[in-house]
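Novice: Here are the chains, one letter per residue:
There are 2 protein chains.
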Amino acid sequence: MVKGNLIVSQSGGPTAVINCSLVGVVQEAFKHEEIGEVYGALYGIEGVLDENLIDFRRESAETLDLLRTTPGSALGMSRRKLTEDDYGRVLDVFKAHNVRYFFYIGGNDSMDTSNKVSKAALERGYELYVVGVPKTVDNDLVATDHCPGYGSAARFVANTVRDTGFDTESGYLSTPVKIVEMMGRHAGWVTAAAVLGKESEIDPPHLVYIPERRTSVEQILTDIAEAHKKYGGVVVALSEGVVGPDGKPLMTAVQAMDAFGHIQLGGVSVWLAQKVKDELGLKCRFEKPDTMQRSSILMASAIDQEEAYRVGRDAVRFALEGHTDCMVALRRDEGPAYHCSTVRVPLAEVANREKLLPDEMIGADGHSITSAFVEYALPLIGGRLMPYARLARHAVPKKL
Amino acid sequence: MVKGNLIVSQSGGPTAVINCSLVGVVQEAFKHEEIGEVYGALYGIEGVLDENLIDFRRESAETLDLLRTTPGSALGMSRRKLTEDDYGRVLDVFKAHNVRYFFYIGGNDSMDTSNKVSKAALERGYELYVVGVPKTVDNDLVATDHCPGYGSAARFVANTVRDTGFDTESGYLSTPVKIVEMMGRHAGWVTAAAVLGKESEIDPPHLVYIPERRTSVEQILTDIAEAHKKYGGVVVALSEGVVGPDGKPLMTAVQAMDAFGHIQLGGVSVWLAQKVKDELGLKCRFEKPDTMQRSSILMASAIDQEEAYRVGRDAVRFALEGHTDCMVALRRDEGPAYHCSTVRVPLAEVANREKLLPDEMIGADGHSITSAFVEYALPLIGGRLMPYARLARHAVPKKL
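Protein chains in written order, with the numbering used here: chain G, 1 to 400; chain U, 1 to 400.
Just chain G, with the same shape it has in the complex (with noise of 0.2 Å):
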């Protein structure tokens, strides 16, 4: 293999195990000879362009270690698009800092950037190699069983939801509906993930609207009054990203039924929350976890943080192996028990699509999840719930 330097970037928002992947980028790279320098660049594909990059030699294996455990993108992130001539300036920078290796860790959108910079090398005849690794709490790439980081942001949202669900469930006579606001624009991986504590009918969440299919807010305030008539109380799970029937965000049908501008603040469930209280006469409580879904530590998944560094070490040695253009992929084997391996796609087939929830998920209803759901994602997140206890409750006979 070519001797050169190496340059790993984060993009995008951040993950409860980034810096897993990062880290197993740098630490696999120590490794190696062929490799020299390990740089990162900051703020994403900007701090190639404007050679803002770090040295990882010079930091302590103690910080390499912590940062395991560390929220956030350690190398900070950006969302910036490059242009075409942006890519010019990328290889120009790894030329001048003989860069041979580059590892991007992020979105469809980082691998689409990854596969840019890779044919651009190969028409300049600059020997690099790309490999993308992958990282989205949305859960949305093609090609892969899952995306690291998506496993600790359901255990997060699988645990929350159902405890708030059970101190709801509390005062249900006060208080009989909560909404809670997940994230995800266009896929409902995260929002679906509600469900995954849920043992019986009673069970929060008792209804869930992602946006792989169109509701109303009509049509959910049809549902609540239900729900809440059956049980005597409702917790929901809803989608930032939930679509009204012309397919479009919810959130855009609220605005152009209100004229004081005032209706981006906070999202749908805080103007769904209103909506209750005003139409269903229920009174209704809002929780928007927001960015606390995809750094939660203590609620992280351990499975997705040894994935999520295992597909950083791997980009290092498929790229030591000779393969560029790709991105790591986990591919779930065979078998009883759960395990990935680590495989190579190539990336123009990740770059800028998306993958949805598939029909098999959903519930024919349209606000349930079905179990080829929880079967796929239980083990993202370490399995089971542990369990939970109501009161059998059985009556005292009254004397008065």
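Rather than coming from a laboratory, the hints here were simulated on the basis of the structure. Using N, Cα and C, we set each Cβ at its ideal position, and we do this for glycine too. Check before you lean on any hint, since a few could be wrong.
As the list claims (entries may be wrong) - In silico contact screen, one side only, chain G against chain U (beta carbon under 7 Å); selected entries:
1. Val2
2. Thr70
3. Asn159
4. Lys288
5. Asp290
6. Asp365
7. Gly366
8. Arg393
9. Leu400
Stated by the list, open to error - Result set (DSS-like, lysine-lysine): computed pairs, CA atoms no more than 27 Å apart in a straight line:
10. G:Lys248 x U:Lys283
11. U:Lys283 x U:Lys229
12. G:Lys3 x U:Lys398
13. U:Lys3 x G:Lys119
14. G:Lys95 x U:Lys399
15. U:Lys283 x G:Lys116
16. G:Lys248 x U:Lys248
17. U:Lys399 x G:Lys399
18. U:Lys3 x G:Lys398
19. G:Lys355 x G:Lys116
Fit chain U to the known structure of chain G by using the hints.
Specialist: Below, chain U without anything else, positioned relative to chain G:
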């Protein structure tokens, strides 16, 4: 001791450990032959008024054990305040069921109710042992070092504000401001816990607003602008009960400033996030974990779980020693290692009073929390948080 039956009930908002106290009462009661039947009143004191009682002897041992780590209030909650007439009815029900032991798990309202039940029994010459069991995430009960429930809420807040803060820091370049809204209408204990993971000036949160110190929208915006200049981004821990210059909740001022009637949507953080965008031109996100703060089991404090069980257990022991009209309180023992003993305090001392954050725990600037608070609160969440790391970021010399 008089032989008779027992009623236990839960009141007010749940905590992550309120069921530990319930199980503490029930399992201890099972050990004493002075106690005949062990009943639970559903939905707080309403269950007594309605004779809506359940029989704990018919619950399985497994259910009781699992309840120790089940969130919510297993008996359901109520916020009903009794009228004078109701106390007669309470005693009628007690007499009808030969109830001689009454344990009410709750906050200062519940201690007032317990105190009045106790007095009513004394007036009528009915032998009754009433012991209050403290519970509230607000930590605002007087005469106890702290309240069971608080440690778990504090642990959730300390961890998630730090986690979401590190996540926010990764993206300071695109969204530099994050507001996290915490529970606590009158007392800042829960919000203050946001600093328990803060080790340096650059760590989140940078600004903390609690109800104990008046502030204003203008002041908060000025503070945010300054902190943004200094740190490149700002994480704000905001109490839902933050007060304006007139000592009234800031939301009152907010409502006065807007005629559209939509302002109550989502509380103060939603509105303030919009204000940061409009007035400072800074992108701002908010988090509202709401009842997640008081229900997360994976985030619960092990010490809190143990103490919650113990105050329930010792309530029964105190009653059987002949004590009544008292609440079990926690007294912090002298010595280097943290330990609290259970003691008794008269219900009248606790009823309807509030313990706010004392001056020495609040920074002179009005938006910070002192080390006195950290020393007080750290043992309640199980000590220092696990360490996180930031890269030293040694710059690579530019070549272009």
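Novice: Against each hint, give a clear statement of whether it holds in the structure.
Specialist: Each hint tested on the structure:
| no. | hint | verdict |
| --- | --- | --- |
| 1 | Val2 | violated (19 Å) |
| 2 | Thr70 | holds (4 Å) |
| 3 | Asn159 | holds (5 Å) |
| 4 | Lys288 | holds (5 Å) |
| 5 | Asp290 | holds (4 Å) |
| 6 | Asp365 | violated (26 Å) |
| 7 | Gly366 | violated (26 Å) |
| 8 | Arg393 | holds (5 Å) |
| 9 | Leu400 | holds (5 Å) |
| 10 | G:Lys248 x U:Lys283 | holds (24 Å) |
| 11 | U:Lys283 x U:Lys229 | holds (14 Å) |
| 12 | G:Lys3 x U:Lys398 | holds (21 Å) |
| 13 | U:Lys3 x G:Lys119 | violated (86 Å) |
| 14 | G:Lys95 x U:Lys399 | holds (10 Å) |
| 15 | U:Lys283 x G:Lys116 | violated (30 Å) |
| 16 | G:Lys248 x U:Lys248 | violated (41 Å) |
| 17 | U:Lys399 x G:Lys399 | violated (89 Å) |
| 18 | U:Lys3 x G:Lys398 | holds (21 Å) |
| 19 | G:Lys355 x G:Lys116 | holds (21 Å) |
Checked against the numbered hints given earlier, this structure breaks hints 1, 6, 7, 13, 15, 16, 17; the rest are met.
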